[in-house]
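Colleague: Take a look at the letters that make up each chain.
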Amino acid sequence: MDIITARDLTIGYAGTEVLRDLTFGVPEGRITAIAGVSGSGKSTLLKTLAGLLPPLSGSFDFAGATVDYRSEASLRFLYSKIGVLYQGGALLNGLSLYENVALPIRMQYPRIPEEMVCDMVQAGLAQVELAGSADKFPAELSGGMTKRGALARALVLDPEVVFCDEPSSGLDPITSSLLDDLLLRLKATFGMTLVVVTHELRSIERVADRVLLIDSGGLRFSGEYADLAASNDSFVRTFFLRKDSHDDA
Amino acid sequence: MSEIQAAVPETLLLPKRLRAPEVVAVLDGLRHRGEAGPLVLDFREVEEFDSSTMAFLHYVRGHHREITAVNLGGGLARADESFVQKSPEEPAAEPPAAEGPGRFFRAYADRVLVKARSLGRFLAMLGDEVYHLGVYMKERKGVYPGETWNQLFFMGYRSYPIVCMLLFLVGVTISISSAKQLQLFGADIYIADLVGYAMLRELVPLMVGVILAGKVGAAITAELASMTVLEEVDALKTMGVVPEKFLMVPRLLAITLAVPLLVALADVVGILGGIVVAQLTFGMTPAAFITEMVTSVDWTDFGWGLVKTVVFGWAVVVGAGFKGLSVGRSAEEVGRATTESVVLSVTLIIVIDCLFAFVLY
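Residue numbers (the numbering used here), protein chains in the order written: chain A, 687 to 935; chain B, 11 to 371.
Among the hints, a few may not be true.
[Claimed, not checked] Keeping only pairs whose Cα atoms sit at most 35 Å apart, straight-line, the calculated DSBU-like set for lysine-lysine is:
| # | chain 1 | residue 1 | chain 2 | residue 2 |
| --- | --- | --- | --- | --- |
| 1 | A | 873 | A | 767 |
| 2 | B | 225 | A | 822 |
| 3 | B | 151 | A | 767 |
| 4 | B | 26 | A | 767 |
| 5 | A | 873 | B | 247 |
[Stated by the list, open to error] Covered stretches of chain B (chain A as the covering partner; in silico rule of three or more C-beta atoms under 8 Å from a C-beta of chain A):
| # | region |
| --- | --- |
| 6 | 152-158 |
| 7 | 197-203 |
| 8 | 249-257 |
[To be verified] Cβ pair distances, simulated, as ranges:
| # | chain 1 | residue 1 | chain 2 | residue 2 | range |
| --- | --- | --- | --- | --- | --- |
| 9 | B | 304 | A | 755 | 55 to 61 Å |
| 10 | A | 693 | B | 270 | 55 to 61 Å |
| 11 | B | 144 | A | 798 | 23 to 29 Å |
| 12 | B | 131 | A | 818 | 41 to 47 Å |
| 13 | A | 713 | B | 129 | 28 to 34 Å |
| 14 | A | 723 | B | 163 | 30 to 36 Å |
| 15 | A | 780 | B | 289 | 57 to 63 Å |
It should be emphasised that the hints constitute simulated quantities derived from the structure, not laboratory data.
Note that this is a predicted model, so its numbers are computed, not measured.
Even glycine gets a Cβ: it sits at the ideal position worked out from N, Cα and C.
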């Protein structure tokens, strides 16, 4: 069953279309990778799905309800069901890691006892193996730690869908691989739905169940990762299999 | 015979190496030659070339119809073909611009429309902030605990040294510049009235407002703009937090609390500056100065000065927040927004001060 269903979604900025007429689904409890070359509009699509950029036309459903950008209640519902890991982490620099992870709890449930906040934050940090760095500030964290800290913040209220914007960018292959393991663990343990924007082929190969490939302002491929090999589309073959269509000849 | 000779094109055999330095030399030669009839550029010897060679060929074809390029070898020809393919397409012809006064008025109208839209967004934000502040005072949620005190520390404690120093100097300056004129009329004693009235009603509110615009407003814009660029504002939104409330309400509360303290302090040091000058110039004792001053100023003057400064403080914070939260995604915009924020704040302060002048005098 699809937790997100997009219909004829056209997105962009102030009259400039970035992606046109996208129709696709994001299955529940699985990892969907949004792939494409740099500048193809992957992050723009993620912003629209995360409630940050209204579509120019078309619509999408989240957990059975159509997201209406003009309705504050609709956006609040969407925000209450998602967590987002931003490309640079986007931890608030003025707050310690502990306070960053505690922020969504404090904002959503201001009257929750401090002991419970502490337990939830510690559990979140332990999940990403950062329990010992709770008191550090974002400036004191490495790139990988920042990403993991941001992931802990995205997960702390147990969202139904976690959007990850280029989780591997700027990370070395080992840290990147550890982050992929973490995403797989989240899916396996909590049945979480993850939407990962990336162009890292290794990462896609390891984590993706389903792939949305974007190119030239549209959706070039939408399907199971396992079906990629059978695709005859030259761009799909070049992108994923690093083969020209001439290679087969 | 001479006509036939003139029609035969000159030939320039280009060197084996034709990279940027050689291309520049050839271009210099062409410039000196002027329009001296047809010319053939012979590329047969050219073996070493780069993108400047390709750009040269492209330039010659576009600008010198009298010049013909011949003998482009295999590699050079392929590179030339690929360069021509990669060259940007000719821009689409723009619709003919209106001439004379029409063009001027259209450009002016466009600018006015942009400013009007911006003003509309600013007023909408001001309305939102009043609403968020009201909701916060009622519900006490949506703002990070303790943030108001952090901001108060920054706006109040960190600002008081500069406020004291500048307002003391303003008090001294206004006293010195008026003392001479007053002496001419034998009206020395009125220096106390002048300094007291000017400081309480006008100079302290205006100067504190301008200092806040430069120190607090610029810092708020730079911080919020950086947060926007680094996606921290987006992160707040997807956490279900309203950034305009989370980030602005503590700052508005802090400025509302900090301004009375700063104004009181500024009034005292400003008048102190006047007392020092009066003592040194006229030998007027501090007691005599204050006794005379209170005959022309009272608590109402202090109160209006305070109200004006609080309004200036709000204008600074909302203006700074408006600029900080409206930036795009590039770091360059942070600097631009910060500059614009200071200009906007100072403009707002002066406009509001002018409106107050109509109401109060």
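Colleague: With 41 to 47 Å as the target window, see if residue 131/B and residue 818/A comply at their CB atoms.
Modeller: 45 Å Cβ-Cβ, so the 41 to 47 Å window holds.
Colleague: Are 3 or more residues of the region 249-257 of chain B near chain A, judged by a Cβ distance of less than 8 Å?
Modeller: holds (count 4)
Colleague: Just tell me: holds or violated, for the beta carbon distance of residue 780/A and residue 289/B against 57 to 63 Å?
Modeller: violated, 47 Å
Colleague: Is it true that the C-beta distance of residue 723/A to residue 163/B lies inside 30 to 36 Å, as the hint says?
Modeller: violated, 48 Å
Colleague: For the range 55 to 61 Å, tell me whether the beta carbons of residue 693/A and residue 270/B fit it or not.
Modeller: For residue 270/B against residue 693/A, whose Cβ atoms are near 56 Å apart, the range 55 to 61 Å holds.
Colleague: Report holds or violated for chain A covering the region 152-158 of chain B, Cβ cut-off 8 Å, minimum 3 residues.
Modeller: holds (count 3)
Colleague: Is it true that residue 144/B and residue 798/A lie within 23 to 29 Å of each other by Cβ?
Modeller: Check passed, 24 Å falls within 23 to 29 Å.
Colleague: Sort out whether residue 767/A lies within 35 Å of residue 26/B, counting only the CA atoms.
Modeller: violated, 67 Å
Colleague: Okay, residue 713/A versus residue 129/B on CB: inside 28 to 34 Å?
Modeller: Hint violated: Cβ distance 47 Å, outside 28 to 34 Å.
Colleague: Just to be careful, I want the Cα atoms of residue 873/A and residue 767/A compared with a cutoff of 35 Å; is the pair within it?
Modeller: The hint holds at about 16 Å.
Colleague: Run the distance test for residue 151/B versus residue 767/A: straight-line Cα separation, threshold 35 Å.
Modeller: holds, 20 Å
Colleague: Between the region 197-203 of chain B and chain A, see if three or more residues pass the 8 Å beta-carbon test, and mark the coverage as holds or violated.
Modeller: Coverage by chain A is violated here, the residue count being 0 at a Cβ distance below 8 Å.
Going down the numbered hints, you'll see the structure goes against 4, 7, 13, 14, 15, while the others check out.
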